[in-house]
Amino acid sequence: METVKSFFETPAPARFKGVLSWLITTDHKRIGLMYLFAIIFWFLLAVVLGGLLRLELMFQGETFLSAQLYNSVFTLHGVIMIFLFIIPALPAVFGNFFLPIQIGTDDVFFPKLNLLSWYLYMAGGVIAVISLFSDGFPDTGWTFYVPFSISTNTNVSTAVSAAFVLGLASMLTGLNFITTIHRMRNRAMGWLQMPLFTWTLYATSWVQLLATPVISITLILVVIERYLGVGLFDPSKGGDPILYQHLFWMYSHPAVYIMILPGMGVISEIIPVFSRKSIFGYKAIVASSMAIAVAGSLVWAHHMYTSGMSDTAVFVFSLLTFVVAIPSAIKVFSWVATLYKGSIQMTPPLFLSLCFIYLFSVGGLTGLVLGAAGANIHVHDTHFVVSHFHFTMFGGTGFAFFAALHYWWPKMFGRMYNFKIAYIASILVTGGFIFHYVPMFILGLQGMPRRYYDYLPQFESGNFLAGFGAAFMIVGIFLMFANLLLTLRKDRDASSDPWGGITLEWQTASPPPLHNFTTEPEVLDYPYDFTGVVEKYSKKPKGE
Amino acid sequence: MNDIVNPATLVDRSLYFIIGFSFIFLFAITVVMIFFVVRYRRSKNPIPKDIRGNKMLETVWVVLPAFIALSMFVSGWKSYSGLRNVPEGAIEIEVVGQSFSWLLYYPNEKETENEIVFPINTPIKLNLTFSDVIHSLFIPAFRVKVDAVKGIETYAWFLPEKMGEYFFQCTEFCGTGHADMVGVVKVVSQQEYEEWVEKDDEW
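As given, the protein sequences belong to chains B and W, one line each in that order. Numbered according to numbering that gives the first Met the number 0, the first sequence spans residues 0 to 543. Numbered according to numbering that gives the first Met the number 0, the second sequence spans residues 0 to 202.
What the hints contain is simulated information worked out from the structure, not anything from laboratory work. We put the beta carbon where it would ideally sit given N, CA and C, even for glycine. Each hint should be verified, as a subset may be incorrect.
Straight line, CA to CA, 30 Å or less: simulated BS3-like cross-link-like pairs of lysine-lysine [unchecked claim]:
1) Lys-43/W to Lys-419/B
2) Lys-149/W to Lys-236/B
3) Lys-282/B to Lys-54/W
4) Lys-340/B to Lys-48/W
5) Lys-340/B to Lys-43/W
6) Lys-48/W to Lys-535/B
7) Lys-538/B to Lys-48/W
8) Lys-161/W to Lys-185/W
9) Lys-538/B to Lys-149/W
10) Lys-236/B to Lys-124/W
11) Lys-43/W to Lys-535/B
12) Lys-77/W to Lys-161/W
To give an idea of the interface, some chain W residues facing chain B are shown, with a C-beta separation under 10 Å as derived from the structure [to be verified]:
13) Ile-17
14) Arg-40
15) Met-71
16) Pro-106
17) Lys-149
18) Leu-158
19) Tyr-192
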């Protein structure tokens with residue numbers, strides 16, 4: 000295998016050596032890695048910002064962040080985490096790298112557009128940074144609710160433009176993936192032979208393509224409203240602030256499914272491999288992904304039960320919200336059933352996947368509390384909601400991202416990391432996570448609102464505890480990334496298939512060559528048929 | 000007044016039902032998951048069984064959650080309609096949210112700031128509006144929360160059944176003073192209320 004040069008060693012034209020050769024690359028794998036490093040940077044930055052928020056909240060009263068600064072920090076934390084980390088994390092990094100390989104082709108359908116998406120992503124990040132150093136970063140929260148976002152003096156327009164540019168990047172990536180899946184699948188691969196990660200990317204891409212324009216238009220309208228004051232949303236000019244909320248959530252709720260679906264795909268890949276057993280109910284998982292994409296696009300107004308919209312709307316959106324719970328439940332059942340009578344090998348990616356199932360279940364179940372109209376009224380806009388969406392977004396997508404990193408790291412870089420440190424880091428993150436967010440559920444039920452830099456005395460002990468959990472979690476996150484990134488200093492030591500994988504990426508070298516495959520990959524009739532893998536390993540004497 | 004169902008009880012019932020169910024579900028899923036991982040570890044079970052699905056089981060876990068989800072929806076909706084249907088004879092108080100305090104206007108033109116006083120066992124209706132940006136009034140003790148939006152008549156009602164002091168807060172982010180929009184809710188006896196409401200404003 001080592002006779003083939005990997006994509007890291009692709010010969011570059013004379014004038015474009017080193018970093019330059021990466022900046023002009025159209026290789027989906029290189030673009031995926033460029034996203035990876037940018038995303039890790041933003042993620043760690045936003046983690047530190049989140050830590051600052053928790054530190055401020057550990058003690059009652061103003062400690063080291065003023066109200067204005069606190070508001071800017073949580074807005075920045077939200078904007079970075081949502082637009083620069085969670086939305087692109089799985090599709091842009093692992094989708095770019097593995098989608099073409101999983102369907103047995105050599106690149107995405109529009110390689111140049113792919114590079115353009117990366118530049119747009121970077122430009123969006125730069126614009127967000129610029130807004131920091133101009134009139135002060137917005138203090139509106141990532142939701143940019145009107146009329147507050149129209150009347151505040153801070154630099155909402157620049158931050159909103161950043162979100163606009165990032166939306167464009169996300170949309171083009173979605174377009175690229177859909178086209179690639181339709182047009183470039185390996186000839187031997189039918190729709191129902193596609194790996195589940197690819198399937199979830201397909202569902203996600205449609206949502207990205209169809210929902211993102213709504214937010215782009217809405218954000219432009221906010222800028223128009225700020226500069227021209229046409230009175231679309233401003234009630235003092237006859238505008239409707241509720242309209243803004245509808246438009247905002249019409250994108251931003253489907254967006255949470257953009258975030259979680261690829262995460263579900265990752266888990267659906269990892270659990271069968273380490274159980275060495277087919278996923279339980281392949282077709283049901285495919286169908287549930289598509290069902291989530293469709294139904295998830297129709298539930299946006301469950302963020303707005305208290306907003307003053309009509310009771311009929313509350314009825315409809317509450318009912319639809321419970322409908323979305325069902326496909327998510329199907330997935331959880333299928334993952335657990337996959338473990339039944341498997342041959343389970345514990346590894347860091349599997350450990351993280353199991354943590355995902357637990358944390359995501361908590362997130363999903365507390366979502367039921369929020370979906371129920373009457374119960375929602377009590378916990379809406381409290382710390383309960385903060386905790387709920389961190390369980391789904393961080394405990395869900397974040398942990399899926401960690402699991403994907405540990406699962407595919409040897410494939411992407413050809414290097415294996417230290418298992419022991421990976422376990423220690425995972426336990427720190429998971430333990431800290433529970434310690435951090437569970438008190439917030441209780442605080443929320445007691446009535447502590449979100450976006451408060453200061454609170455009533457009865458909330459102090461809960462916030463104090465949460466701060467400790469955050470500290471453990473942050474240490475764990477940095478340890479995890481250090482463990483992975485430090486492997487880049489050693490020589491390549493990973494085999495082409497260290498886990499006994501079944502999807503096509505495990506049939507090529509680690510890291511893969513420029514055109515992904517040197518020989519035509521072999522597509523299985525049933526994508527999760529592990530009989531071959533079991534046979535291969537049972538012949539070998541003990542050990543890998 | 001005893002024929003009025005306090006919506007706060009309905010909300011609590013809905014919360015207990017959903018959270019209680021969630022605990023059971025989470026416990027079951029976690030125990031089964033850990034059991035499988037330990038029981039079928041590779042050293043003990045080197046050859047996996049090739050199971051790809053089970054139509055029967057899959058149907059069960061679509062239908063069963065569907066029913067449970069539906070029952071949760073119903074409990075949520077019931078409590079919500081309780082919160083929305085104001086009984087007759089409620090005392091109406093006009094509430095204005097401004098950055099960053101709450102102004103309250105009582106039926107006899109009495110005004111207070113960040114202080115709500117009302118009599119026990121009488122339904123109270125709050126009619127909300129705002130003067131600048133959206134605010135939201137949240138009284139955790141009575142399980143009510145409603146946004147104040149200009150141009151839309153929003154309201155909330157509740158039935159205080161215990162005397163005492165509670166707090167209310169703003170829950171729609173409105174700027175630097177968001178966390179300062181805290182007020183006191185005092186539930187007093189009918190007699191005390193009448194005395195209080197007749198008393199002239201001190202400010």
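Hints, verified against the model:
1. Proposed proximity of Lys-43/W and Lys-419/B is supported: the alpha carbons are some 22 Å apart, at most 30 Å.
2. With a CA separation close to 11 Å, the supplied pair Lys-149/W and Lys-236/B stays within the 30 Å bound.
3. A threshold of 30 Å between alpha carbons decides the hint, and for Lys-282/B with Lys-54/W the separation of about 11 Å falls inside it, so the pair holds.
4. A hinted pair counts as satisfied when its Cα atoms are at most 30 Å apart, and Lys-340/B with Lys-48/W qualifies at roughly 6 Å.
5. Taking the CA atoms of Lys-340/B and Lys-43/W, the gap is near 11 Å; set against the 30 Å cutoff, the hint holds.
6. About 15 Å separates the Cα atoms of Lys-48/W and Lys-535/B, which keeps this hinted pair within 30 Å; it holds.
7. Using a Cα cut-off of 30 Å, the hinted pair Lys-538/B and Lys-48/W holds, with the two alpha carbons roughly 17 Å apart.
8. A C-alpha spacing of about 10 Å is found between Lys-161/W and Lys-185/W, which places the hinted pair at or below 30 Å, so the restraint holds.
9. With a CA separation close to 74 Å, the supplied pair Lys-538/B and Lys-149/W exceeds the 30 Å bound.
10. This hinted pair checks out: Lys-236/B and Lys-124/W have alpha carbons roughly 28 Å apart, not beyond 30 Å.
11. Restraint check for Lys-43/W and Lys-535/B: the C-alpha separation of about 18 Å stays at or below 30 Å, so the hint holds.
12. Our distance criterion of 30 Å between C-alpha atoms is met by Lys-77/W and Lys-161/W, whose separation comes to about 23 Å.
13. Evaluation of the Ile-17/W hint against chain B yields a held restraint, the C-beta minimum of about 5 Å falling below 10 Å.
14. The restraint placing Arg-40/W at the interface with chain B holds, with a minimum CB-CB distance near 5 Å, inside the 10 Å limit.
15. Contact between Met-71/W and chain B, as hinted, is supported at the beta carbon level, the nearest pair being about 6 Å apart and thus within 10 Å.
16. The beta carbon of Pro-106/W comes no nearer than 23 Å to any beta carbon in chain B, farther than 10 Å, and the hint placing it at the interface is violated.
17. Interface restraint check: Lys-149/W against chain B, minimum CB-CB distance 4 Å, threshold 10 Å, status holds.
18. Interface restraint check for Leu-158/W: the shortest CB-CB distance to chain B comes to about 15 Å, outside 10 Å, so the restraint is violated.
19. Taking 10 Å as the C-beta contact cut-off toward chain B, the hint placing Tyr-192/W at the interface is violated, the least distance being around 24 Å.
This entry does not satisfy hints 9, 16, 18, 19, going by the numbered hints stated previously.
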